[in-house]
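Trainee: Listed below, chain by chain, are the residues.
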Amino acid sequence: MDKLRVKVRKLLQEGKVAGYVGYIMKDSHPLPHFFTKERLEEVDQAIVAPGAARYPLDKLLQQVAERYPEDTFAIQVRGCDERGLNELYKWGQLDPEKVVLVGVACPQDQADYCECPGPWASVIDYGEKCQPVAKSQRVERIDALAEEDAFQEWLGHFKKCIKCYGCRDVCPMCFCKECSLEHPDLMSTGTVPPDTIFQLVRAIHMAGRCIDCGLCEENCPADIPLRVLYKKGNALVQDLFGYQTGSPEAGASPWKMLGDESTLDTKPM
Amino acid sequence: MSDTNFEPKIIGFFCNWCTYAGADLAGVSRLQYPPNIRVIRVMCSGTVSPHHVLRAFQKGADGVLIGGCHIGDCHYLRGNFMTIKRMRFLQDLLKFTGCDEGRLHLEWISAAEGPKFAETVRNFTEKIKNMGPSRLKLAAQAA
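Protein chains in written order, with the numbering used here: chain A, 1 to 269; chain B, 1 to 143.
Everything labelled a hint here was simulated from the structure, so no lab data went into it. We treat Cβ as the ideally placed atom computed from N, Cα and C, and that holds for glycine. Some hints could be false.
On the chain A side, residues computed to face chain B include the following (Cβ under 7 Å) [stated by the list, open to error]:
#  : residue
1  : V133
2  : W154
3  : L186
4  : V192
5  : D195
6  : L200
7  : V201
8  : I204
9  : P254
10 : S262
11 : L264
With the hints as constraints, model all of the structure from the sequences given.
Mentor: Next comes the structure, spelled out in structure tokens:
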């Protein structure tokens, strides 16, 4: 933790950044916090939050950056958070010139729980690299099911939805001002559970955008395995378009431009 | 599932420049095809969002047929690249969630291909008839 605190303190003291979005231990609770030069003593309480206490820091940074567009900010990032930043740069939501990374490598138990293929940031100020998890067993289990069984399993989950929009509201990648999920021409209103397609519409939006932080699933009061759905969406985008979500080298998202050529063929009837 | 009297509802999203004109040609050529299809004309198949397809299934469609210009013949030059990307992705997502990827079909049909249009609609209707009602529809009706 010392290395991380020294880095943050230095960044703030030297005025390289106007603030640092990270975590603080307050009254023995790990909370997201905005550190500034004016309250430098708080950096002594700066921590890396344990896996069970994660917040969408990328989302908080977007709000701060929108309010202070001229300023540069530091942010604590895990592998997933950094993938999120890369996508947000591509979608024009953040300026990479105005973000400084304070990187974290996740412990093995966190990577195993997340089935994370990249559980560390490109700079590591805390933690050690662990073994990444290349394949998701949760996705493979559904893949192996017959279509009827898969449908019944998903339907059972979708029926539990109370339409709280928690998955969307916590998502660091959900930055749209208008949301299809609330469009009365696309989604029935006034019913719970919502339309069966509710989660599918979100899954479409998450494909090539979801950075697999898993906050949606942790946030869901109905325990819908959203992550499995979005992991599959990203795997499809990789298979079909060769697009690796969150990678800085991947270029623009396959959905971004109307008119990008594709060599895909139609499926036979 | 094997209800012989089952008449599927099929929604067709056809592009104004090719497939819709192909449907016109099938019509003036007096080619027969089943009346199960309800056609929605769009300016380009690339404007058909996966939302529209999912919404159609939610509202009780048993099948969705998308028709666009052949690759290279798009009136807007490259609109149908987006169509193929979206629909291939959606087909695979439907498969993963057990919603029957075969209920969504994309076919390139030009304005000169009236017979191909009629044949595609005939085959697709027959296929959906054999598949029976859509699971998404049954789930929506039960809710």
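Trainee: Of all the hints numbered above, which does this structure not satisfy? Sort the numbers upward.
Mentor: Violated hints (numbers, rising): 1 and 4; every other hint is consistent with the structure.
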